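FYI, full-length UniProt numbering numbers position 92 of the sequence shown as 92, with every residue one higher than the one before it.
Calculated from the structure, these hints are not laboratory results.
The reader is advised that the hints may include incorrect statements.
Claimed, not checked - With a straight-line Cα cutoff of 30 Å, these simulated DSBU-like cross-link-like pairs (lysine-lysine) come out:
| no. | residue 1 | residue 2 |
| --- | --- | --- |
| 1 | LYS60 | LYS8 |
| 2 | LYS8 | LYS76 |
| 3 | LYS60 | LYS76 |
All values reported here derive from a predicted model rather than from experimental measurement.
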Amino acid sequence: MNETEFFKALADPTRRAVFERLAGGEMNATDLRQGFDLSQPAMSQHLAVLRTAGLIAEQKHGRNVLYRINPDGVAKIHRWLSRYNAFWPSRVDDLKQLLKEMDQ
Numbered sequence: 001m002n003e004t005e006f007f008k009a010l011a012d013p014t015r016r017a018v019f020e021r022l023a024g025g026e027m028n029a030t031d032l033r034q035g036f037d038l039s040q041p042a043m044s045q046h047l048a049v050l051r052t053a054g055l056i057a058e059q060k061h062g063r064n065v066l067y068r069i070n071p072d073g074v075a076k077i078h079r080w081l082s083r084y085n086a087f088w089p090s091r092v093d094d095l096k097q098l099l100k101e102m103d104q
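Using the sequences and the accompanying hints, generate a full structural model.
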């Protein structure tokens, strides 16, 4: 998985919402669909994109499949974002200073 895949996967608002729901714990596809106007095949496609991006994992229990957040996928996002940690504090400080100057 490369960083483009996980950002493309999370670019879709439905997939982001599914990913956020899974932050609360494992769920099956039927429970994940609640509150969405989605067919089962559409939910399956969203889950497949998230799984291909490495953001979620599935565990089969007989005929039931539970989905959960894949910690390795989240770690890859964190590593990518952490490369920019040095950049943001100085930019935020610059913005604060600019806003102070604009207020005066």
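How the hints compare with the structure:
A distance of roughly 26 Å separates the Cα atoms of LYS60 and LYS8; the hinted pair therefore holds under the 30 Å criterion. Distance hint between LYS8 and LYS76 is fulfilled; the C-alpha atoms sit about 14 Å from each other, no more than 30 Å. Only pairs whose Cα atoms come within 30 Å are accepted, and LYS60 paired with LYS76 is accepted, the gap being roughly 24 Å.
Taken one by one, the earlier hints all hold for this structure without exception.
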